[in-house]
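These are the residues of each chain, in order.
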Amino acid sequence: MTQISRRPVLGLLAGFALAPKLAFAQQTPLRIEINEGVIEPVPFAVPAFVAENGAGSEYATSLAQVIADNLTGTGLLREIPQSSHIGRITSFDSPVQFSDWRTINARALVTGAVRVNAQQITVKFRLFDVVTGQQLGDGLQLDGRTDAWRRMAHRVSDQVYQRLTGESGYFDSRVVFIAESGPRTNRRKQVAIMDQDGANTQYLTDGTSLAFAPRFSPTGDRILFTSYETGFPRIYLMDVASRRRQVIGDQPGEMTFAPRFAPDGQSVVYSLSVGGSTDLYMLNLTSGQRWQLTQTQAIDTAPSFAPDGQRVIFESDRSGNSQLYIMPVAGGAAERVSQGQGRYSTPVWSPRGDLVAFTKQLNGRFHIGVMRTDGSNERLLTASFLDEGPTWSPNGRVIMFTREEAGGDPVLMTVDITGRNLRRVPTPGPASDPSWSPLLP
Amino acid sequence: MSFLNKATLLAVAIVLAACSNPRGGADDYDYGQGSGINSTALGDPSDPASIAYFNQTIGDTVHFTLNSTDLSEQGQVILRTQAVWLNRNPQYSILIEGHADERGTREYNVALGARRAARVEQFLIGQGVAASRLRTVSYGKERPVEACAQQRCWDLNRRAVVVVSN
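Residue numbers (numbering that gives the first Met the number 0), protein chains in the order written: chain A, 0 to 440; chain G, 0 to 165.
Don't read these hints as lab results, they were simulated from the structure.
Computed from a predicted structure; not experimentally measured.
Treat the hints with care, since some could be wrong.
[Stated by the list, open to error] Derived list of chain A stretches under chain G, where covered just means 3 residues or more per stretch with a C-beta under 8 Å from a C-beta of chain G: (1) 147 to 158; (2) 181 to 188; (3) 250 to 259.
All C-beta atoms, glycine included, are put in the ideal place defined by N, C-alpha and C.
Next comes chain A alone, as it looks inside the complex (with noise of 0.2 Å):
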């Protein structure tokens, strides 16, 4: 893991404090109320980062076009193009002519600059409220590997993100997934590693084995998969640094899948089937000492633990069809919670504890939705012929999930918790099953 140290970036800028706050003295200060929906996106400028060496020049377009595409990906904000820009940007420490960007009707700026010596990178920056003038928060200054750019970037997004929302980013974070190949009756099935925002792509299998559904640990650094290695579906825990891999909680005779991370990264929930009846185990990776936590004829799959890590939310066709439960995982009774019409299954947890995601079938048609944990207030975000498999944004706010339309290869698309901003994922082939990191370290 690349290392990316940071710190305030001091000696602040003498003639900020000249700079003409009489006029808006009335405004409030800039902040982004996500709660609210937020319907007009807050237009903002990311000029190119100032150079302060040759080297860094190579870096200067680049990283303002990370930070521009990230913040307008949220869907909150929309970069006003460098080509309408009035003002330059040539020192970051100069103070700054609000004028020329109130002119091109900014609300947020962001400045940078970036130095790069050897292998080693610089990146400094600033976000400025236009309109009152103010600087939102101190500056900040990356170093690191220069191979490491793009972190760079995302973790300035992530922090621009939090200054005008008050709630943490997503945008230094990776997504593991399915990358697929070759003819639907014979698909090549590899797990890979991307970025968020889709650069970056890594195979971590070689594809010879069909596999699907990787999981994410709790801190990003191993994974959990499914994989026909030895004919049969089994899974398999890999280091993603190493790449090395093993079976666990694997028994001759049965099929296991559907794993997933306790939060304490210590246990996994999966699906076991033998004789035809498929119920749920946990693990533990230390001990190896595994127990059954339900006991039915039904299917009792895709189990995802709650952030305290005592409670199980999982789908069961126990009722005749697929339905979400939710159990303790000291053992006990399972309690309904979906009761709306249509068939539930992949209840994810959110991170904040408070929602839970799923996939549903109604009349024909995929959705993925929210509801809270008590089955209540269910909200369908999106509609197609197969969208299913939703994963949460580190920060809870943007769901990752696979989408098919009739006929057509599956993709990776992102929306919104209040339903909006549907976006494609680049990816560079078809992919599915889309599992998203938390925010790195």
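Please build the complex by placing chain G on the supplied structure of chain A, with the hints as guidance.
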């Protein structure tokens, strides 16, 4: 010719047919560790003891309706015929693959395919096939036999396939 003689002749004929089977012994290629691929020579479809005969003449596949593991009348006829053949050819081992159509979520479909495979397994055991010869696997919706976003394909893909191998 007495009945006994007829039966003896038939038995001899079956044995001869088995001997003339051009399978030529075990033919399991190793595609490398972990490939999950085994190869089996199918033999001559005119040889009633050949795997090709089983696949083509008896039929290796039964179909299911939406979200169901119920065996149709037609499916039961196929499985009974399969059981007779399997009992007559005990040298083969049997893998039952369960499959689902694409109109479901991935993990549920793996479980559904497992349920279908188990249904077929139980039926064959009920017809006298030794349980020790049988294994089941589910592919969920991962291996459709035909790909189209239409009822026709979904009907074909909701299936269990009895795969016979040496």
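Here is what the structure says about each hint:
Restraint check on the stretch 147 to 158 of chain A versus chain G: 0 residues with Cβ-Cβ distances below 8 Å, three needed, restraint violated. Only when three residues or more bring their CB closer than 8 Å to a CB of chain G does the claim for the stretch 181 to 188 of chain A stand; here the count is 6, and the claim holds. Note: the stretch 250 to 259 of chain A has 4 residues with beta-carbon separation from chain G under 8 Å; the three-residue rule is met and the coverage holds.
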